[in-house]
Amino acid sequence: MAAEKKSAGAEAAAAQQPKVIWDDSNMRSVYSNATNVAAGREEIVLLFGMNQAWHAGQKEIRIQLAERIILNPFAAKRLSVLLNSVLHNYEARYGKLEVDASPAPASSVQ
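Per the numbering used here, the very first residue in the sequence shown carries number 7; after that it's consecutive.
Possibly wrong hints are sitting among the right ones.
[As the list claims (entries may be wrong)] Per label pair, the in silico range of CB-to-CB distance:
(1) Trp60 x Gln22: 49 to 57 Å
(2) Gly46 x Leu93: 19 to 27 Å
(3) Pro24 x Ile67: 26 to 34 Å
(4) Pro24 x Gly63: 53 to 61 Å
Since the hints were derived computationally from the structure, they do not count as laboratory data.
Being a predicted model, the structure only gives us computed values, none of them experimental.
The beta-carbon is built from N, C-alpha and C at its ideal position, and this holds for glycine as well.
Just need the whole structure built from these sequences, with the hints factored in.
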């Protein structure tokens, strides 16, 4: 009896959830090979850009920033969970990704 009530309650809750429709009619696709993140108490800012010339021995690397995405911390946390899941599945299929975990050099974003 208790299991039936829980099942009915779960079905009722699922029925009350709105259907999410992803409208991509205004979506743009942008390639990025360079990213940075800035954070404050109320928002997380993702910066996406592109470096078109990677040469050994460069004294300066210019990143042309193209997109800025501003998220509230809750949306950023959900994005983190989704990215971790996608990367876990990717590595299970294609092998471990090795990235340099050292912090990016300090720079000024204008």
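So, going through the hints one by one against the coordinates:
1. At roughly 51 Å, the beta-carbon separation of tryptophan 60 and glutamine 22 lies within the given 49 to 57 Å, and the hint holds.
2. In this structure the supplied range 19 to 27 Å holds for glycine 46 paired with leucine 93, their Cβ-Cβ distance being about 26 Å.
3. Between proline 24 and isoleucine 67 the beta carbons are some 45 Å apart, a value that contradicts the proposed interval 26 to 34 Å.
4. With their beta carbons about 55 Å apart, proline 24 and glycine 63 fall inside the hinted range of 53 to 61 Å.
Checked against the numbered hints given earlier, this structure breaks only hint 3.
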